[in-house]
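Engineer: Please build the complex by placing chain B on the supplied structure of chain A, with the hints as guidance.
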Amino acid sequence: MERSGIHGILFALAVVVLVLVGVITIGDRWWWLPPLASVHGGQIDNLFTITLAITGSVFVLVHLLLAYFVWRYRERSAEQRAYFYLENRPLEVTYTLIPALVLTGLITAGTRAWFEIQGPPPQNALPIRVIGEQFAWRFQYPGADGQLGRFHPRFVSESNPFGIDPDDPAGRDDIVATELHVPLNRPVVAYIDSKDVLHSFFVPALRVKQDAVPGMTTRFWFVASQVGMYDIPCAELCGQGHYIMRGQMVVESDAAFESWLAQQPTIATMLGLSQ
Amino acid sequence: MATEHAVESVVVHHEPQSFWRRYIFSMDHKVIAIQYMITAGLMGLIGLVMSWLMRIPLAWPGESVPIVAKIFPGLFEGGVLRPDAYLAMMTMHGTLMVFFFLTAILLGGFGNLLIPLQCGARDMAFPFVNMLSYWVFLLSCLIMLASLFVTGGAAAAGWTAYPPLSALEKAVPGSGLGQTLWLVAMAVFIASSVMGGLNYITTVLNLRTQGMSMMRLPLTVWALFVAAILGLLAFPALFAGAVLLLLDRHLGTSFYLSHVVVGGEHIVREGGNPLLWQHLFWFLGHPEVYILILPAMGIASEIISNNARKPIFGYRVMVYSIIAIGFLSFIVWGHHMFVSGMNIWLSAAFTLTTLIIAVPSAVKTFNWLGTLWRGKLRFTTAMLFAIGFVSTFVTGGLTGIFLGNPTIDIQLHDTYFVVAHFHIVMATSSVFGIFAGVYHWFPKLFGRMMDERLGKLHFWLTFLGMYAIFFPMHYLGFMGVPRRYYGFGLLQYLAPNTQDIQLFISVAAFITGAAQFLFLVNLIRSIWWGRRAEANPWQGNTLEWQAPSPPPHGNWGEKLPVVYRWAYDYSVAGASQDFIPQTVPIEQEPTGEPGRHVPLPTVAATLSGDGNGKPLQNGG
Chain A
883 MERSGIHGIL FALAVVVLVL VGVITIGDRW WWLPPLASVH GGQIDNLFTI
933 TLAITGSVFV LVHLLLAYFV WRYRERSAEQ RAYFYLENRP LEVTYTLIPA
983 LVLTGLITAG TRAWFEIQGP PPQNALPIRV IGEQFAWRFQ YPGADGQLGR
1033 FHPRFVSESN PFGIDPDDPA GRDDIVATEL HVPLNRPVVA YIDSKDVLHS
1083 FFVPALRVKQ DAVPGMTTRF WFVASQVGMY DIPCAELCGQ GHYIMRGQMV
1133 VESDAAFESW LAQQPTIATM LGLSQ
Chain B
42 MATEHAVESV VVHHEPQSFW RRYIFSMDHK VIAIQYMITA GLMGLIGLVM
92 SWLMRIPLAW PGESVPIVAK IFPGLFEGGV LRPDAYLAMM TMHGTLMVFF
142 FLTAILLGGF GNLLIPLQCG ARDMAFPFVN MLSYWVFLLS CLIMLASLFV
192 TGGAAAAGWT AYPPLSALEK AVPGSGLGQT LWLVAMAVFI ASSVMGGLNY
242 ITTVLNLRTQ GMSMMRLPLT VWALFVAAIL GLLAFPALFA GAVLLLLDRH
292 LGTSFYLSHV VVGGEHIVRE GGNPLLWQHL FWFLGHPEVY ILILPAMGIA
342 SEIISNNARK PIFGYRVMVY SIIAIGFLSF IVWGHHMFVS GMNIWLSAAF
392 TLTTLIIAVP SAVKTFNWLG TLWRGKLRFT TAMLFAIGFV STFVTGGLTG
442 IFLGNPTIDI QLHDTYFVVA HFHIVMATSS VFGIFAGVYH WFPKLFGRMM
492 DERLGKLHFW LTFLGMYAIF FPMHYLGFMG VPRRYYGFGL LQYLAPNTQD
542 IQLFISVAAF ITGAAQFLFL VNLIRSIWWG RRAEANPWQG NTLEWQAPSP
592 PPHGNWGEKL PVVYRWAYDY SVAGASQDFI PQTVPIEQEP TGEPGRHVPL
642 PTVAATLSGD GNGKPLQNGG
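So the protein sequences, as listed, match chains A and B. Position one of the first sequence corresponds to residue 883 (my numbering), numbered consecutively onward. Position one of the second sequence corresponds to residue 42 (my numbering), numbered consecutively onward.
If we strip away everything but chain A, and leave its shape as in the complex, we get:
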């Protein structure tokens, strides 16, 4: 064989550079999650950071070990002989058990947070229906009765683009909008529907993501914790205009929210029905 050791040295160097790039860019947060604007998002960010710390350490350790072995044990002379070594049960058991334990911890923490985030919303949560369509979001708020009127795609027409059942008394006082306003620090539960294909209700700043599935209502509840305007991109491929399907969310004080809501049309006015 020709001398190939130089490639071992190069490989070790390349791996060390990779590790450095990873550690610097991620450790220094050159590119990071959008600033957090919800309460449950704190749990997501914590788990993300913990997982990043654990997997990052493994990434660094394994790569440094790989670099060291590749550099140290590269072929240097014809007399060099590899060390015949079959297996090492205690070592193998150790590196089976340690990942298993660490992963058990992550599973426990992950599922605990998952059930809290996905569990039933508080009683006082404000229900809002989110309706996905190619390529926009629509929103329906309950009126004074606190109840959302029934939605079904069969009610969709030019005069009733929201698809709200005109015969459902609970729906007449409902308020409709094409922008999502939510009050600050108050639980909101989004009931998510679709008129046509799959969409996904994604609010990056609030760490909210839930698919909109035609024929089935999905749910996601959250508490917005920062006043501001946030994008609602669609996160599930929904057709040619997927990339322009963007809604806007406004998180504002209770008073601002109520006054905004009062200015929006109701279903009754939209459909020309009596309240």
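Hints are computed from structural coordinates only; laboratory data are not their basis. Each hint can be trusted.
Anything over 12 Å on all C-beta distances counts as not near chain B; from chain A, calculated: (1) G1025; (2) L1030; (3) D1049; (4) H1063; (5) P1065; (6) L1066; (7) Q1146.
Reference listing, derived: stretches of chain B covered by chain A, where coverage requires no fewer than 3 residues with Cβ under 8 Å from a Cβ of chain A: (8) 210-224; (9) 372-382; (10) 410-416; (11) 432-440.
By construction, the Cβ of each residue, glycine as well, lies at the ideal position given by its N, Cα and C atoms.
Structural biologist: Below, chain B without anything else, positioned relative to chain A:
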């Protein structure tokens, strides 16, 4: 011995003479392997060009590229790639790469080449079915490619083909004839893969030569064997799913559809649910990921051991890990559906199984490191790709721990983080396994050596390039950049520098993609003008190195090889060389085979058993 005669009479005495029977409608597993590799390689090349087309508007949104537009006039408008063409390219890129390139080259290519050679068989168990498998595969390729040229363009609902987008003609331009052809091509592809899978499994179980017990099989065969079982059990679920989707599309059924309004038109169906498709798709889709990574693991294990001149560390644990990964891969599919609206308890169950599957994967990684430790590392091009595989498998595997956690997945799902994760595993690790395998076993394919200098240049550009493309995608994922977007102009939460990252990724993709032509040049040059290979150029132990390069029809001349030891007797103390082929009797050279307390085989055992007292079933 009677069975052996049967094999001889079928295979050896009927070696085809005409060009057509020998090279085109061949039943020789090695020729079929080459046919699979070339066809799959061409599909991969087309997939690569598609990824380039996608990367153009991502790097330079809205900018005109008249030269490229001239080559693909159907996809561009005013010199700019159309959004629907972007989706079609994205869909076809994923489909071609996952099924028609990776699956086909790993199982059809390496499965065909290595299983009979490393088991010591003369051919596959069913050579005719094997030939049929290839021609049906070619048919599925042609149908899939034809869909690029129909009205409305190729399928555009993503490689996952989620309905209703893939079910309703008006939902997206590609959802017309393009999507129908996509489904038909997939069904035909699955038929081919089932024929192949049955063959691989039967061959491993029944055609191992005398002495080749299961626990003496090289890890390549173990990995291909388990991957073939996964394919055989998982692909039919997608076949069923595809048939149901065709029914929904053309016969008005409602498996996946309910009442929807598309383009102002009411489509009246009742009771179906798109989640059914997602379950059927991922019931295949997740084992599929392991169909792509297991063979690459097997190849890397074999090449690392051979070039470290050391036995693979923890052979038995490696085998158990392959089996454990294979089993677990069937019960993790739901982790693709955490935000789909699936029951939250199901999500918790899939979290458990998903993170458990990380354990055998971790064990395998440490065993590769253990194999390198105190070795005598020889950096052939194949070895470089194999250790490159270890690096990228670690990187890509670790990010799976984020996505397997449903809480973190809420934020990362369907962002570039996912794209980064599976491209580092499938597009990089699996592909490195393939490159390693081609450089290593080229002598058995064509009887010549590939050029090592060109090969190493290819490795370096590819290794650095792949990281340059896919590592920054994690950062885009952190920032919440959604995938499958044609452009990001409307998203205000994205910092302007995300565009710089996109540009960087595109440039890296063009350079890395172009570097693959070095491989192509090397390949073509070496097939005709490469240095002639000796039988065992890498001083390997496994059986294929005991056959001439390239092995003749029937592989082994008059007599089948007899196996006396496991595949990893490298650097055994007291041996005359640092390798001992599996065919060398124990009386001649010592063995380090683990758990070996078997008396030397008696004459009777040699005739009727595998040397370990178990009856040997050779041929059928």
